[in-house]
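Listed in order, the protein sequences are those of chains A and B.
When we follow our numbering, the leftmost residue of the first sequence carries the number 74, and every step to the right adds one.
When we follow our numbering, the leftmost residue of the second sequence carries the number 353, and every step to the right adds one.
It is possible that some hints are incorrect.
[Stated by the list, open to error] Below 30 Å or equal to it, Euclidean Cα-Cα: the simulated DSS-like pairs (lysine-lysine) are:
| # | chain 1 | residue 1 | chain 2 | residue 2 |
| --- | --- | --- | --- | --- |
| 1 | B | 613 | A | 416 |
| 2 | A | 416 | B | 680 |
| 3 | B | 531 | B | 697 |
| 4 | B | 576 | B | 686 |
[Unchecked claim] Pulled from the structure, derived: some chain A residues nowhere near chain B, Cβ distances all over 10 Å:
| # | residue |
| --- | --- |
| 5 | 125 |
| 6 | 206 |
| 7 | 260 |
| 8 | 277 |
| 9 | 315 |
| 10 | 382 |
| 11 | 385 |
| 12 | 437 |
| 13 | 468 |
| 14 | 582 |
| 15 | 583 |
| 16 | 591 |
In case anyone wonders, no lab produced these hints; they're calculated from the structure.
Even for Gly, the Cβ is constructed at its ideal location relative to N, Cα and C.
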Amino acid sequence: MLRRLSVIEPATLLWLLLVGALVVLVAWPVAELLVASFTAPRTGAWTLSNYAAAYGRARYVEALFNSLYLGAASAAICAVLAVPMAWACSRTDMPGRGFAWFTVLAAFIIPPYLGAVGWILLAGPNSGWINQAWVWLTGAEESLVNVYTFWGMAIVIALHSYPFIFIFTKSALDLVNSEMEDAANILGAGTWTTTLKITLPLVWPTILAGIILVFLETIALFGTPAIIGIPARINVVTTQLWQFFEHPVRAEVAAAYSMPLLLITAGLIGLQKLMLNRKGYVSQTGKGGERRMIKLGPWRWVLLAWCGFVCLLSVAAPMVALVQASFSRAWGRGFSLDNLTIKNYRYLLFEHDGAALAVVNTFVFSAAAATLAIFIALAIAYVVKRKLLPMGGALAFLCMAPFVIPGIVMAIGFYAAYAGPPLTLYGTAAMMILAFTARFLPIAYANGSAGVQMIHPEMEEAVRILGGGRLTAVKSVVIPLLKKALLGGWLLVFILATRELSAAIFLVGPETRTISVLLYDLSEEGNLEVLSALGGILLVITLVFVGTGMKLIGRDFMLRRGGE
Amino acid sequence: MTDTGRRLDRRGFVGLTAGGLLLPGLVRAQGIAPATEISAHERSLYDAAKKANESATWYVSHYTSETAEQIGRAFEATYPGIKANVVRTTAQVAYQRLTQDMRARVRNCDVFSSTDIGQYTTLKTDGQLEKYQPQNLRFLFETFQKASDPDHFYWVTSAGTVLINYNTRHVSAADAPKKWTDLLDPKWRNRIAVGHPSFSGYVGNWVVAMRLAYGWDFFKALEKNKPQIGRSINDTVTMLNSGERWVGAGPGATTQNSASKGNPLAIVYPEDGTLLMIATTGIMKSTRNPNAARLFVEFLMGKRTNEIHAANFTDTTRPDVPPYPGAKDLATVKLLRPTDAEIEKGIPEIRELWRDTFGV
Numbered sequence: 074m075l076r077r078l079s080v081i082e083p084a085t086l087l088w089l090l091l092v093g094a095l096v097v098l099v100a101w102p103v104a105e106l107l108v109a110s111f112t113a114p115r116t117g118a119w120t121l122s123n124y125a126a127a128y129g130r131a132r133y134v135e136a137l138f139n140s141l142y143l144g145a146a147s148a149a150i151c152a153v154l155a156v157p158m159a160w161a162c163s164r165t166d167m168p169g170r171g172f173a174w175f176t177v178l179a180a181f182i183i184p185p186y187l188g189a190v191g192w193i194l195l196a197g198p199n200s201g202w203i204n205q206a207w208v209w210l211t212g213a214e215e216s217l218v219n220v221y222t223f224w225g226m227a228i229v230i231a232l233h234s235y236p237f238i239f240i241f242t243k244s245a246l247d248l249v250n251s252e253m254e255d256a257a258n259i260l261g262a263g264t265w266t267t268t269l270k271i272t273l274p275l276v277w278p279t280i281l282a283g284i285i286l287v288f289l290e291t292i293a294l295f296g297t298p299a300i301i302g303i304p305a306r307i308n309v310v311t312t313q314l315w316q317f318f319e320h321p322v323r324a325e326v327a328a329a330y331s332m333p334l335l336l337i338t339a340g341l342i343g344l345q346k347l348m349l350n351r352k353g354y355v356s357q358t359g360k361g362g363e364r365r366m367i368k369l370g371p372w373r374w375v376l377l378a379w380c381g382f383v384c385l386l387s388v389a390a391p392m393v394a395l396v397q398a399s400f401s402r403a404w405g406r407g408f409s410l411d412n413l414t415i416k417n418y419r420y421l422l423f424e425h426d427g428a429a430l431a432v433v434n435t436f437v438f439s440a441a442a443a444t445l446a447i448f449i450a451l452a453i454a455y456v457v458k459r460k461l462l463p464m465g466g467a468l469a470f471l472c473m474a475p476f477v478i479p480g481i482v483m484a485i486g487f488y489a490a491y492a493g494p495p496l497t498l499y500g501t502a503a504m505m506i507l508a509f510t511a512r513f514l515p516i517a518y519a520n521g522s523a524g525v526q527m528i529h530p531e532m533e534e535a536v537r538i539l540g541g542g543r544l545t546a547v548k549s550v551v552i553p554l555l556k557k558a559l560l561g562g563w564l565l566v567f568i569l570a571t572r573e574l575s576a577a578i579f580l581v582g583p584e585t586r587t588i589s590v591l592l593y594d595l596s597e598e599g600n601l602e603v604l605s606a607l608g609g610i611l612l613v614i615t616l617v618f619v620g621t622g623m624k625l626i627g628r629d630f631m632l633r634r635g636g637e
Numbered sequence: 353m354t355d356t357g358r359r360l361d362r363r364g365f366v367g368l369t370a371g372g373l374l375l376p377g378l379v380r381a382q383g384i385a386p387a388t389e390i391s392a393h394e395r396s397l398y399d400a401a402k403k404a405n406e407s408a409t410w411y412v413s414h415y416t417s418e419t420a421e422q423i424g425r426a427f428e429a430t431y432p433g434i435k436a437n438v439v440r441t442t443a444q445v446a447y448q449r450l451t452q453d454m455r456a457r458v459r460n461c462d463v464f465s466s467t468d469i470g471q472y473t474t475l476k477t478d479g480q481l482e483k484y485q486p487q488n489l490r491f492l493f494e495t496f497q498k499a500s501d502p503d504h505f506y507w508v509t510s511a512g513t514v515l516i517n518y519n520t521r522h523v524s525a526a527d528a529p530k531k532w533t534d535l536l537d538p539k540w541r542n543r544i545a546v547g548h549p550s551f552s553g554y555v556g557n558w559v560v561a562m563r564l565a566y567g568w569d570f571f572k573a574l575e576k577n578k579p580q581i582g583r584s585i586n587d588t589v590t591m592l593n594s595g596e597r598w599v600g601a602g603p604g605a606t607t608q609n610s611a612s613k614g615n616p617l618a619i620v621y622p623e624d625g626t627l628l629m630i631a632t633t634g635i636m637k638s639t640r641n642p643n644a645a646r647l648f649v650e651f652l653m654g655k656r657t658n659e660i661h662a663a664n665f666t667d668t669t670r671p672d673v674p675p676y677p678g679a680k681d682l683a684t685v686k687l688l689r690p691t692d693a694e695i696e697k698g699i700p701e702i703r704e705l706w707r708d709t710f711g712v
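If we strip away everything but chain A, and leave its shape as in the complex, we get (with noise of 0.2 Å):
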């Protein structure tokens, strides 16, 4: 035993601490809302009768599957979406491929309250601007579309949720280099083959790790179903969540409703196991590579269409809507010269008390939150995928938990947890940074899994046999390699914790407001002019770190340039 103690590398005590760290994150909170699904409201005692109630009945048990088909249906639409895109920017030679690029990022920033109802002012079934356009057009007495349906919602969300797929995907070819599809050219397989056969298999992993992200950030969402949802006559998991926190509060039941969320969880993650089992996908070896553009002729004007068409959907509807309203004294009476306004932004820059501390929160937490949470999802991806530790499925799906649970009932486990003694955290900018972390902890994790798991051990194993020890080898070699797809993770999470609000609502404290919800607030109070203007305030800035961050990342280090 002793002897077996004498060997443990330092770094298998920083891989404890970080498991220890993944409890205390995630754990710790899952299991304080385990707890109160078992226990009787009033009394504490132990009881089913919180299942019994949420699951004893059809309605109840309706939105559960109407949650199920309306993540599947997005993240289908999402994939259709974005492979193509990221195929596009990542591979090919296509033109404005910068302008695709900054289109996925402006539609993640926006936030989806905004691009909702850019969607019911284009779609709505009686005044959206499409159907008066085909009414007009056609003379038509039936209007042409209807934001308001299943389908309606599906769409909104997957243009809000796109850029999961399109970055990871994008990231992974970033990492494949040109030898296997050289190799089918030979044998003869044109480009398209090639593409098909080859290149997007290698990254299936990737997109599946997307695919499965989007359909558990679908089922998790709340806003856009509570927009259009609601008025399209759907219930699901997240309204109805929200209905049992109205008086009489049922928090218990609350939780227990929202416990077999985690059996999905799990049953995706053994899915995910058993689809990519057995098949390699290491594109990552030690003997070097290079990667070349595909020159895609007149068909790169095929896929610029593509990506000009994704734009449209799902930036210039919403922006229509945020850059309308935004200028607005009065978004209700459309467009004049005599309706322009500055005063919103005005109003938010130097009148209003809380706006200014709400962006500074906003980025100090999410920056914050970013960097922590893909530190350790590395670090636990690494230990999973090397399997440097036992249980390794079981961190995993520690890592991937707190995504699915719906935020507002994740957050009943961070007050219980974080707020009180012994941490003591209410109202600190700490408690909105562990709970942002923990919360997207399962897209670091996705990213760095999906990272690691390209890499061939066998640089690393060369590391060892010069004598490095495990952190030497993350140091010079993963680390290195994953620095685009690591940069790719810090962004998403950055971007969604500057989203967030599900958990935010309900862990704020007076010093601890952040956009999304004072964003939240506007949107109670219908107050759609401020709020379209300090969407476009949250968008500028954004962009703005997000191009300084990518500018010094530098360029892509496998790319051959012309003529080099």
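Once you've looked at the hints, dock chain B against the given chain A.
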């Protein structure tokens, strides 16, 4: 200081400031001279609170954040040295937090304000509220005095209305519905916007009142006109502004606020009654800041708070403060207000009925 306190009008205020008699904190308040009236009772609470170094933490859900913050700062300006911590969130979150606090025996909250009367009856039954008779209660509209708890555990501190709102571009004042039953006219098919009683206390109260007045058949008939169901009562304002819907059962305050910016909206006080929604306030049992909490409750019923109400498009609770622009004096309007018991019993019932009738 006399028993009735000293009234500071604007001129007197300026004079006093010039004379340097006022504490500097008062100057920070809003730039305009506040109508500050400090009674002997308030003075003694203030002195006791100051002596014990107290502050007041206020969990509140029914105001906009800005209104809540303004009230907090006006309180601090009126009573320098007593800090007001304003924790403003949505109703569900505020109450959920409160119960979490009680379970963990953390006494964060001193004063709790919400529109959900059921929360107060539960808190009262559980012995979580402090008994107190606010002296400023007698200055409120009689309706509000009566709507406060006869056992003195919670009191009305704010109010709102549900009435008919409409888009003036599509509907002329002459054509607009005059009473609730007008909404059942087939000409409003696909034109009506309402909120959802499971997401909005305002809507819940309105549905209870309509059911009391006309029976559930009212809603079965309403469904024939295919109303659009939003979540919050304020969603009706968004739907009317976008032109997607033309008439709604909406909030007086938010509609008029939006109309005051130039949006094409107007309101009708229905002939068969405007729903009066009240928000109540209670002091939490075993608060660590008993004097500051009481002083804060008095302040919520004061003139200054009601001036902030009117400036922020919230209904006033005192007859001596004029209502927000476009609003009628509540004393002149036919009001509907179900009793606490009707609301508490009715809301869970109508949520089920609503789901049966409207499917969501």
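Point to revise | Check on residue 125(A) being off the interface with chain B, judged by Cβ distance over 10 Å | key: 18 Å, holds
Review point. Would residue 277(A) pass as off the interface with chain B, using Cβ distances and a cut of 10 Å?
Key: 38 Å, holds
Practice item. Mind verifying the non-interface call on residue 385(A)? Its CB should be farther than 10 Å from each CB in chain B. Key: 20 Å, holds
Exercise for review: Would you check the hint for residue 416(A) and residue 680(B), treating anything up to 30 Å between C-alpha atoms as holding?
Suggested key: Cα-Cα ~29 Å, so holds.
Exercise for review: With 10 Å as the threshold, tell me whether residue 206(A) passes as away from chain B on beta-carbon distances.
Suggested key: Given a closest Cβ separation of 14 Å, the condition holds.
Check your understanding: Was residue 437(A) rightly flagged as not at the interface, with every chain B Cβ beyond 10 Å?
Key -> 20 Å, holds
Review point. Is residue 468(A) truly not at the interface, in the sense that its beta carbon sits beyond 10 Å from all beta carbons of chain B?
Key: Given that every Cβ of chain B is farther than 10 Å from that of residue 468(A), nearest at about 29 Å, it holds.
Check your understanding: Taking the minimum C-beta separation from residue 315(A) to chain B, is that value above 10 Å?
Key -> Nearest chain B Cβ is 7 Å from residue 315(A), so the label is violated.
**Study point:** Non-interface label on residue 382(A), tested against every C-beta of chain B at 10 Å
**Key:** Fine: 25 Å to the nearest Cβ keeps residue 382(A) off the interface.
Point to revise | Distance restraint between residue 531(B) and residue 697(B), which requires alpha-carbon spacing of 30 Å or less | key: 26 Å, holds
Exercise for review: Would you assess whether residue 260(A), listed as outside the interface, keeps its beta-carbon beyond 10 Å of every beta-carbon in chain B?
Suggested key: 57 Å, holds
Exercise for review: Please work out if residue 613(B) and residue 416(A) have their alpha carbons no farther apart than 30 Å.
Suggested key: 11 Å, holds
Violated hints, in rising order: 9, 14, 15, 16; the structure is consistent with all others.
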